[in-house]
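Participant: The residues making up each chain are set out below.
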Amino acid sequence: MKTILLLEDLPEIRAWLKTLVLQAFPDGQISEAARVHDALELVSAIKFDLALVDLGLPDGSGVDVVEKLRETQSECQSVVVTIHDDDEHLFPALQAGAFGYILKEQPREAITEQLQRMSQGEPPLSPSIARRVIAYFATQAKPQQPDLMPHVSLTERESEVLLRVAKGFTLPEIGVQLGLSRHTIADYVKQIYRKLNVSSRAEAALEAQRLGLFRR
Amino acid sequence: MARTEHLEGRRVAACRLAWALAVWWALWLPAAPATAQPRPFADALTAEDSGLGRFPAETARRVVSLPDDWSQTRPRERTPLWYRLRFDTTGAAGPAELLGLYIERACATVEIQLNGQRLHAGGPMSDPPLLNCQRPLLLTLPAALVQARDNTLDLLLEGYPLQQMASSRRAAGLSSPLIGPYAQVHDLHARETLLAVTLPMAGSALLLLSGAAAFVMARGRRIDSHLWYFGALAIGWSLINASPWWHALPLPVDASELLLASVPPLVALPAVQFLLHYAGWRSRPIEVALYAQCAAVPASLLLAGPLRIHTITTGWNTLLLLQVLAAMGFYLWSTRRARRRDFWTMAVLLAVAALMLGLELVAHQRPLPTPWLHLSSVVMPLALVAIGLHLLQQHSRARNTAEEGRQALETRIREAAADMEKNYAQMVELRVEQVTQRERKRIAADLHDDLGAKLLTIVHTSESERISTLAREALEEMRLSVRGLTGKPVKLIDALGDWRAEVFGRLSQTGVEGEWSAPAEDLPQTLSARAYVQTTRILREAVNNIIKHSGASRCSIRCTIDSGDFQLAIQDNGKGIPLELDGRLDRGHGMASMKHRAKQLHGQCLVESGPGYGTVIRLTIPLERHTTPA
Chain X
1 MKTILLLEDL PEIRAWLKTL VLQAFPDGQI SEAARVHDAL ELVSAIKFDL ALVDLGLPDG
61 SGVDVVEKLR ETQSECQSVV VTIHDDDEHL FPALQAGAFG YILKEQPREA ITEQLQRMSQ
121 GEPPLSPSIA RRVIAYFATQ AKPQQPDLMP HVSLTERESE VLLRVAKGFT LPEIGVQLGL
181 SRHTIADYVK QIYRKLNVSS RAEAALEAQR LGLFRR
Chain W
1001 MARTEHLEGR RVAACRLAWA LAVWWALWLP AAPATAQPRP FADALTAEDS GLGRFPAETA
1061 RRVVSLPDDW SQTRPRERTP LWYRLRFDTT GAAGPAELLG LYIERACATV EIQLNGQRLH
1121 AGGPMSDPPL LNCQRPLLLT LPAALVQARD NTLDLLLEGY PLQQMASSRR AAGLSSPLIG
1181 PYAQVHDLHA RETLLAVTLP MAGSALLLLS GAAAFVMARG RRIDSHLWYF GALAIGWSLI
1241 NASPWWHALP LPVDASELLL ASVPPLVALP AVQFLLHYAG WRSRPIEVAL YAQCAAVPAS
1301 LLLAGPLRIH TITTGWNTLL LLQVLAAMGF YLWSTRRARR RDFWTMAVLL AVAALMLGLE
1361 LVAHQRPLPT PWLHLSSVVM PLALVAIGLH LLQQHSRARN TAEEGRQALE TRIREAAADM
1421 EKNYAQMVEL RVEQVTQRER KRIAADLHDD LGAKLLTIVH TSESERISTL AREALEEMRL
1481 SVRGLTGKPV KLIDALGDWR AEVFGRLSQT GVEGEWSAPA EDLPQTLSAR AYVQTTRILR
1541 EAVNNIIKHS GASRCSIRCT IDSGDFQLAI QDNGKGIPLE LDGRLDRGHG MASMKHRAKQ
1601 LHGQCLVESG PGYGTVIRLT IPLERHTTPA
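Protein chains in written order, with the working numbering: chain X, 1 to 216; chain W, 1001 to 1630.
Computed list of lysine to aspartate or glutamate pairs in EDC-like fashion (alpha-carbon distance at most 16 Å, straight line): (1) W:LYS1441 with X:ASP86; (2) W:LYS1454 with X:ASP9; (3) W:LYS1488 with X:ASP86; (4) W:LYS1454 with X:GLU12.
Pulled a few chain W residues facing chain X out of the computed Cβ check, cut under 8 Å: (5) HIS1448; (6) HIS1460; (7) LEU1475; (8) ARG1479; (9) ARG1483.
Residues on chain W that point at chain X, a partial pick, calculated with CB under 10 Å: (10) ARG1472; (11) GLY1487; (12) ASP1494; (13) ASP1498; (14) GLU1502; (15) GLN1509; (16) ALA1518; (17) ALA1520.
In short, the hints are calculated from the structure, not lab data. Heads up, the beta-carbon is just placed ideally off N, CA and C, and yes, glycines get one too.
I would like the entire structure built from these sequences, with the hints used as guidance.
Facilitator: Right, here's the structure in full:
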């Protein structure tokens, strides 16, 4: 049995998403929330396996919930469900620890399939997100306070996968090109997301430390 | 560096000193030719005046050597004294030649008789007296009165004893008279007048002018107090130096001597203050002491009485000289320590001034022989004028420096103002850009949150599949519009990646086989957000058509860049687009909107299709209009 958090402010969409989630995970136990505040309370009370989080909410951003889940329930898979398909909205959520994202307007079948794939460990990765990740790690690679910063870098294979995604190749295609199984490619992507999150957290901690030093 | 400047200053100062000496000796030298010079009388028979109006031959007692200084020969007497001189004209000059009598100094006044005939009367001795002490006398000896032999020249001299006079220059005395051809004695007289009267007067006038100029320069500038004191010094000294003109003060002799003796402390005060202030040192106690001294001098003279004027004045003048010398020493010491550039100039000028002051002090005590007698009254004003010119030069230099500084400052202010204006303009531009960007973002957010949410609700709640699809398409359109609204230019290589991912993502869900060819190298071109969005729409529409209508089993997409155009060819092996009755392609397939969009980008969209031949859509967009240099 899966415990699932569903954070969505529009009632119709929430209801629709609920039926969809139940379709994908028939034995799922769903906790619904319409606001960030409610969701955070649920997170501190219940241990979730999966969280579907909308980004633009009346009392804040779903990124906060993603962050809280990552901090307190590292086993939980956070998936952003959003109307925004651009990397400017998605990237912060991925940095905060989201495992993937689903565009809301997709047909029911597509979403169900994506959900199932994610639960099997195959997160989605679009070319624009891949480019953002490449650019992010490129700036991280520049030497800046090497002592303070736990250095997180991508392996050659991970970079290769990202470059191919950026060029528009689908993950199965890349698997064929590199002679790897679909499962291995998915593992790379998961690893990339994880490193993105770790590096972002380190960066945030460093920034907080710097501010602290500054204030002192 | 400072050392070379010092050496340079020393050289210039030495040159100036040499010049001054050369000029002085040039003036004095003509007095020296010894040839054919009439000889001055070496001695004379003297007699006390008995009020007869002639030489009292019966009481004539003794012979005195000339020149006769009363302070030596009769220090206490005040009665006038007769001098008798005898001379012959034979051998001295031709018979027809006009003879002249020249007396360099007859102090205070003299009456002259030749062979019993009165030739000249100097003036009355009653108060206020006429003191002709510093003016040489020249008389013509009338030929009718002159005999060949045994001429008698009687001189009645009246004067005041030295102890009563502040300066020995006004103490009674007679120099050796001289009789000779008029032309010769006239020359002697002219030279003596030049040295004793004209040059000191000219010097005084110059000095007066310098003092006035210094006052004008110092006006309203507290920092230039030394200029003020220099002005006072120059004017004070010009008055002292003009003493030949004070031979007829409308005062009793005691009063006029007191007055003249009170002047030196009034000049010493600005002299000392000038030197101290110019060295950059101000002392209130010294200033007070100097002012007190100005009052103490006349007070002490009054207390001591008229007969001790000379002694007291000599004491005071010595003291004043020491004060001024001390101030000079202090000034030179401090400027040398400060390594001022004008050290040597000022050192030489001050040395000259100090020498002249010493000479003046000596001349006050006892009569000096020419040329020493007049040296100080000619050179001292010149030295002071030179100092004045030096101050003027420094003043103008300082003013130039200030002017340059002001101009530099003005330039800097102007540059700063220009910078500020530029920055302001940039800021405004940036601000406009920011505001525009923010407004776009707000519109985009509104569209997403309101319109997007509603469309989404329709997508997922509508019973009708058609409405659901329409709403979904509307949502996609909206998203593209928002991207066109807010987006930055997109690199062509990135756009190709996006398009490929989208096309293959969709094809993979349908089982249509896809083939993609595009330049693999890094392309420098970029697409404007608008061009990116419109091309995305055209591509999406074309792929939609293939999936929904064509029944094709495979499609190929070729992207090329050809002479500045971006070309996209989408080909399928489907059944083609059926023609409408009017010969146009089916509007339901969105061909019209594709063409419209291509036109908006100043490109074109060609569709080739025939039943059974599949469809080719060729899109051409001129890159230069929609790209910005990478």
